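Q: Each chain is listed here by its residues.
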Amino acid sequence: MSKDLRITNNKFIDQTTRISFKFDGKTLYGFKGDTLASALLANNIHLVGRSFKYHRPRGIMACGSEEPNAIVQVGSDASMTEPNTRVTEIELYEGLEATSQNCWPSVNFDIGAINNFFSPLIPAAFYYKTFMWPANFWKLYEYFIRKSAGLGKSPTKPDKDIYDHRYLHCDVLVVGGGISGIMAAKTAAKNNLNTVLIDDKINLGGTTLFQQNECFKINNTYSNEWLKKEIESLNSLKNLTIKTRTSLAAYHSYNYLLARENLTDHLDINEKKDKVRQRLWKIRAKKVIISTGAMERPLIFNNNDRPGIMLSSSIKKYIDYYGVKCGQKISLFTNNDSAYETAISLNNSGVNVNSVIDIRDKTNSIIVKQAEELGIKIHWKSSIVNTNGYKKINSIEIMKLTDDGAAVVGEKIKEQCDCLGISGGWTPRVHLFTQSGGKLKFRDEDNVFLPDKSELDQISIGSCNGDFELDDVIKNSVTLTNKFLNVDNNDYENLEIISSKETTKKNIWLLPSDKLLSKAKQFLDFQNDSTANDIKLALREGFKSIEHVKRYTTTGMATDQGKLSNMHALGIIAETAGVKMGELGTTTFRPPYTPLTFGAIVGRNVGEFFDITRKTPIHDWHVENKAEFENVGQWKRAWYYPKKNESMHDAVQRESKAARDSAGMLDASTLGKIDIQGTDASEFLNRVYTNAWSKLEIGKCRYGLMLNEDGMVYDDGVTTRLGENHYIMTTTTGGAANVLSKLEDYLQTEWPELDVYLTSVTDQFATISICGPNSKKILTKVIPDLDLSDKEFPHMSFKNASINNIKCRVMRISFTGEHSYEINIQSSFGKSVWEKCFEAGKEFNITPYGTETMHLLRAEKGFIITGQDTDGTMTPVDLQMDWIISKKKYDFIGKRSLYRSDTIRDDRKQLVGLITEDPKEVLEEGAQIVSEINKKPVEMLGHVTSSYFSPNLNKSIALAVVKNGKNLKGHKMFVPMKNKTINVTITDSVFLDKDNKRLNA
Amino acid sequence: MLNYNSPIKDQKEYSEIKISEVEPTLKLNLRGKKRDFITKIGKELSIIPPSDPNTSSGNEKFNILWLSPDEWLLYSNDKIDLKNTTLLEEKLFNEVSKSKIGSIANVTDHWIMLNVNGKNTFDLLSTGCPFNFNNFKNSKNAVTQTLINHIDVILHNKDLNNLNLFVRRSFSNHLWSWLNDSSRFF
Chain A
1 MSKDLRITNN KFIDQTTRIS FKFDGKTLYG FKGDTLASAL LANNIHLVGR
51 SFKYHRPRGI MACGSEEPNA IVQVGSDASM TEPNTRVTEI ELYEGLEATS
101 QNCWPSVNFD IGAINNFFSP LIPAAFYYKT FMWPANFWKL YEYFIRKSAG
151 LGKSPTKPDK DIYDHRYLHC DVLVVGGGIS GIMAAKTAAK NNLNTVLIDD
201 KINLGGTTLF QQNECFKINN TYSNEWLKKE IESLNSLKNL TIKTRTSLAA
251 YHSYNYLLAR ENLTDHLDIN EKKDKVRQRL WKIRAKKVII STGAMERPLI
301 FNNNDRPGIM LSSSIKKYID YYGVKCGQKI SLFTNNDSAY ETAISLNNSG
351 VNVNSVIDIR DKTNSIIVKQ AEELGIKIHW KSSIVNTNGY KKINSIEIMK
401 LTDDGAAVVG EKIKEQCDCL GISGGWTPRV HLFTQSGGKL KFRDEDNVFL
451 PDKSELDQIS IGSCNGDFEL DDVIKNSVTL TNKFLNVDNN DYENLEIISS
501 KETTKKNIWL LPSDKLLSKA KQFLDFQNDS TANDIKLALR EGFKSIEHVK
551 RYTTTGMATD QGKLSNMHAL GIIAETAGVK MGELGTTTFR PPYTPLTFGA
601 IVGRNVGEFF DITRKTPIHD WHVENKAEFE NVGQWKRAWY YPKKNESMHD
651 AVQRESKAAR DSAGMLDAST LGKIDIQGTD ASEFLNRVYT NAWSKLEIGK
701 CRYGLMLNED GMVYDDGVTT RLGENHYIMT TTTGGAANVL SKLEDYLQTE
751 WPELDVYLTS VTDQFATISI CGPNSKKILT KVIPDLDLSD KEFPHMSFKN
801 ASINNIKCRV MRISFTGEHS YEINIQSSFG KSVWEKCFEA GKEFNITPYG
851 TETMHLLRAE KGFIITGQDT DGTMTPVDLQ MDWIISKKKY DFIGKRSLYR
901 SDTIRDDRKQ LVGLITEDPK EVLEEGAQIV SEINKKPVEM LGHVTSSYFS
951 PNLNKSIALA VVKNGKNLKG HKMFVPMKNK TINVTITDSV FLDKDNKRLN
1001 A
Chain B
1 MLNYNSPIKD QKEYSEIKIS EVEPTLKLNL RGKKRDFITK IGKELSIIPP
51 SDPNTSSGNE KFNILWLSPD EWLLYSNDKI DLKNTTLLEE KLFNEVSKSK
101 IGSIANVTDH WIMLNVNGKN TFDLLSTGCP FNFNNFKNSK NAVTQTLINH
151 IDVILHNKDL NNLNLFVRRS FSNHLWSWLN DSSRFF
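Residue numbers (my numbering), protein chains in the order written: chain A, 1 to 1001; chain B, 1 to 186.
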């Protein structure tokens, strides 16, 4: 630390606690409470990085989130390093390591700086114009362009930090803890409103916190002292929650806001361990008060980007808050009174202020007079036409402005300095207001966009609402807050406020130079290196819309989102195009206001919590028996059970063979189950399914197809009649929730006259399916007292039974074409019953099989899987299931659509079977089917929906949808693949046991 | 003899948070619109199903939670012998379903009941639940159906910082892990 650049100031930082950190490999020191920016400045380091395009040396310019230049890479750990971090927002901690970005080999000597010499040749849109041809060279260009530009390095390993989310609901959310935000929060909380006050800084108070000046007093005390007492008084308010280090990232509709709270970023590396790094607050507020203040504008003049050129108000904060002098010989350049506050602060702290260069003719406000009385030299009606110093400013050149401000005249004065403060007025932070959909209005008097209309219950107060004088801020904030909250708070009614009033205003968006515009470097967007000249070029090339100019020049498109550049860009466009700024409008303000880490967005939804998983009651058995799992919806379903060194193909072949030859068992618990009761239950099913249900006997099961309103197959399953008015419906695994919602929706809105009640019982029952020639023998062992004779228990029927006194339902239904039973038992006993069945089946070599074998077995029988063999465009007729459409029923969902001209076309895609010429050739699911190989363009007739090698048929089988397929049986077709063409023949979709002998065996 | 298997079989304690599975408990889904339905349930259980949205009624044996204008969840306060759960179910089924005045469905194993209590209960829920608990947490016997970490749950506010949480059995493992992971940071 340079002792010369520190003054004693223990109000906000702890100058008794020294902290070491590294910048570009060099160990430096700061104090507890410093930001990296203040610590670097205290070490006399202004040069922090290089600019994006021209690699010009750049230094710290601001003290907050608007910082465009000083962005660094924090940390070097491959999993924790973070690029593009603003030094102004990094709180100093022991062990902090930061490095400059966008430079090689070092920030002091950067090879890329050669771009600066060629800058006249690479104006705005250089890349667009130059690298557009030949088009296929772009990959090559891109590699080099990206390498030379660069914006830090992303971590290459998973983030070890922990992030969290939390929801918060409040009556009033106050965003911004400056003087107006503090008063508003206090008012709300005192009136029994559940209030939350957030601020991105460590301390509340905004700039008033360190405003100790005779020109700004409240009730005869300095404004900072008065505010300090106000802040202290907040601690006693029970309804108030204060969150500091919390940045409002996004403001969405219906007062839904996202805020990021930094919890450990400021802690020493050892203290961070196992703690949540950042928390994303998801806030629902009944009312929102925005008090985000205003940002100081820069001034646009030749070579205005050198290290050491800083915003005037930032220089003030560094001296008054951090006790850091930004230089020993500081000049100030302004168009308003704010710079004089800085001049006085510097003077009071013993820093030599060279002069103030003011573009105005003269002003007589109190603060300017105070500065004059302190002997500070002022160059009225003057402008800076150039700055000098490569890695840090060392002098400025000053000339007089003409009366109209359009040019400079007279003698050029050169003034030595090591820091230049610039102040171009103030821009209200209206970003959040506009993010929420609010409309802006333009105030010509001081060229600011202000909040106007909003559909949401919100207001803006203080500087973000265009009040820049202390008395206006307080009076207007109080009035607006009381009205907005509908309260009558008199606490701030009789305050005596002394506030310097700005009496003269003058603004020049692009300050004149003694050089030609094309020879000058007047930077607008410091991070993206776009200049005033670039804007003018864009206008000359015909771009008029601000959105187009923005994209052409990349102004406002850097990580700072143009916080400091947008207003000047608009101003220059308006002046050049001869339109009013208010009519020009602004670019779109999009969230986040400041960059969010991916970690904060994702929260704890990583690793095992990346997605939700559902498990069946038998899941643990599958795990114990080494099943491989597949995701079906959210479910983890046993996919196949590989034995030692067995591939998936081998396992599936073995499981399929066992199920056909003896017995197989499947965990079918994931099927959706809906309990249907009510006197109109049969009529309800008649309306839901395409087939008839009224005559289904109690104790019998029936397969049903459910259509969408457009006549396309939506879901399918077996429904069982348990009693006169009682059914249990099964749905597909993935469709269960949607089917229940759809049916409930129909009952509530379309068929309220029906006496029907639905209850989801999917999780109530474990479902164990036993299939194969020996299934009956196995079930007899499990439930000895159940009569399984075909007469008493035929296919498609059900029985109530009990296993060891636990009641269960047994259905004789089959999805494999084998003689099969499904046991439905309370989930708590599912695993035990599964084990019992497995034990009973051992003598028959019962084989557990997973979903892959289930798919193969059903494909052998030509049974469809909704969602695999259908895709929302298949009618029952397309599936060659005409038999399931009742001709007698008055209506069912989708009936009318089945008779539209399009749905009765003969050449619709229809479900068929495919047999390959080579029986060992297994088709790829999704492969296209054509009738002529050489026809161009290729006419694609359909595609393969399911394909397997059947061990039971000893050949490859497939299901497919093919145009006019049902009339093409026996026709040869082709399946073109990458390296070959496969010859196939269209067949019936049922490959095995067409007479259902096995089913009824 | 079949073995009973609940999915969690555990209880955990963190800073001002206790989470435990409370199973087996009897749970029945009750549905009906007719006045006779309310009368019958009231007579059989000595509890009138509440008509006010998001409320509950109960006695020393059972609670009935309002789920919708014609749907309620009945659950027992105490753990039960699962073999006997069907007695009440059958009785109500005969009196309600077979009498054509409503519907009774056993959901004992469909829902898993977790008890969450302690001063940080609602802070824990707010890590993954968008519901506004500001009024709920002070309303004894309040009920809500919401999402925690995208999983459907029913919450029954039993007492100050003490609630019963119902989650579908298939989701219960995941939610349990998630709640425990979240509790680490209190």
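In short, the hints are calculated from the structure, not lab data. As the structure is a computational prediction, the values presented were derived from the model and not from experiment. Don't take each hint at face value.
Said to hold, decoys possible - Mimicking DSS-like on lysine-lysine, the simulated pairs with C-alpha atoms at most 30 Å apart in a straight line are:
1. A:K381 with A:K391
2. B:K9 with A:K807
3. A:K275 with B:K137
4. B:K9 with A:K286
5. B:K9 with A:K243
6. A:K381 with A:K11
As the list claims (entries may be wrong) - Covered stretches of chain A (in silico footprint by chain B; criterion: 3 or more residues with CB under 8 Å from a CB of chain B, positions within the stretch not fixed):
7. 276 to 286
8. 823 to 833
No residue lacks a Cβ here, since even glycine has one placed at the ideal position from N, Cα and C.
Q: Confirm or reject each hint.
A: Status of the hints after comparison with the structure:
In summary, the hint linking K381 of chain A to K391 of chain A is supported, as the alpha carbons are separated by about 29 Å, within the 30 Å threshold. Taking the CA atoms of K9 of chain B and K807 of chain A, the gap is near 23 Å; set against the 30 Å cutoff, the hint holds. Note on K275 of chain A and K137 of chain B: the hinted pairing holds, with a Cα-Cα distance of about 27 Å set against a maximum of 30 Å. Taking the CA atoms of K9 of chain B and K286 of chain A, the gap is about 41 Å. The hint is violated against a cut of 30 Å.
For a cut-off of 30 Å, the pair hint linking K9 of chain B to K243 of chain A is broken: about 39 Å separates their Cα positions. A distance of roughly 38 Å separates the Cα atoms of K381 of chain A and K11 of chain A; the hinted pair therefore is violated under the 30 Å criterion. Closer than 8 Å: that is the beta-carbon criterion, and the region 276 to 286 of chain A has 3 residues meeting it against chain B, so the requirement of 3 holds. As drawn, the region 823 to 833 of chain A meets chain B at 8 residues by the rule of a beta-carbon pair under 8 Å; at three or more, the given contact holds.
Hint violations for this structure: numbers 4, 5, 6, all remaining hints satisfied.
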